Each structure stands twice: as structure tokens, then as C-alpha cells.
Amino acid sequence: MPSTFAAGELEQALSEIPWGIRTHQLLPDDPSTPSAARAEIALLDDDESAVSVACAESGWAIVGSRGRCMKPGRSFDTLDDLLLAISPAFETARINKLMEKLAGVAQERGERAHDLHDEGPEAAHAP
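Each residue of the sequence shown is one higher than the last, beginning at 1 in the UniProt record's numbering.
Because the hints were derived from the structure by calculation, they are not lab data. Here the structure is a predicted model, which means the values were calculated and not measured. For every residue, glycine included, the Cβ atom is placed at its ideal position computed from N, Cα and C. Careful, some of the hints might be misleading.
[To be verified] Ranges between beta-carbon positions, derived for each pair:
no., residue 1, residue 2, range
1, D30, A89, 41 to 51 Å
2, H114, T4, 18 to 28 Å
3, R112, L84, 52 to 62 Å
4, I95, G64, 24 to 34 Å
5, S32, K101, 35 to 45 Å
6, P28, D115, 31 to 41 Å
Turn these sequences into a full structure, and let the hints guide you.
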């Protein structure tokens, strides 16, 4: 049975990146790594690419793959780091997501500046 930390970290990490993967499926416990939580992740790169990842207190690792994305023996601090190392499509999706967020912040700031301008200089100096 995976540790509470590993299971929680795996589910949290997967919930934060629905835009960067096609699908994911939690995998059953592996007796060879009892404290690790595992999932299979279908990558955006093509219909064939998928990785099985394990999350343990020591970090993230690829424990199996379909396609051309194996990085055996390497440990990663985060699921994002792991996916950035193996999936150019994840990197592109991540950049697009960041650009969307930045555009939203810029638009919000522009609207605030416009509102302050409409209220006049007195509003900008009001307590």
C-alpha cells in the first residue's frame, strides 16, 4: 500500500495538469515498491506514447513506457519535471497555459487601470 504522502502527491499532481496529458489511470500497488503510488499517463505527443510513473518520498520515476520516452534510473523532484524531460508536447502545452494565465493577468491589470482612469486622478489618491 502506498504511503499517504505518495498517494496524495500523485493525485494532487495529476489534478493540476489535465491540460498537459491525454489521460491517466491509477495503477494497482506494486509489491516491489510498496510505499510508491503509481499511474499510467498517456502523453500528448502521439497516440502510442505513455509512461508508468511512480511517486515515492524519494521523488518521481518512470517505471515503464510505451513509445520512445524511457528515462530509466532517473529521479525527478516533480511530475512536471518528469514530463518536461520526456514530452515536447507537454512542454508546449505548459507554455501555452502560462501564456493564457499571463494574458489574463495583463487583461485584469488593464481593466483596473482603465477603471482608475475613468474615475479620475482623485480616485487614484483617495485613502
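Which numbered hints fail: Hints 1, 2, 3 and 6 are the ones this structure does not satisfy, whereas the remaining hints hold.
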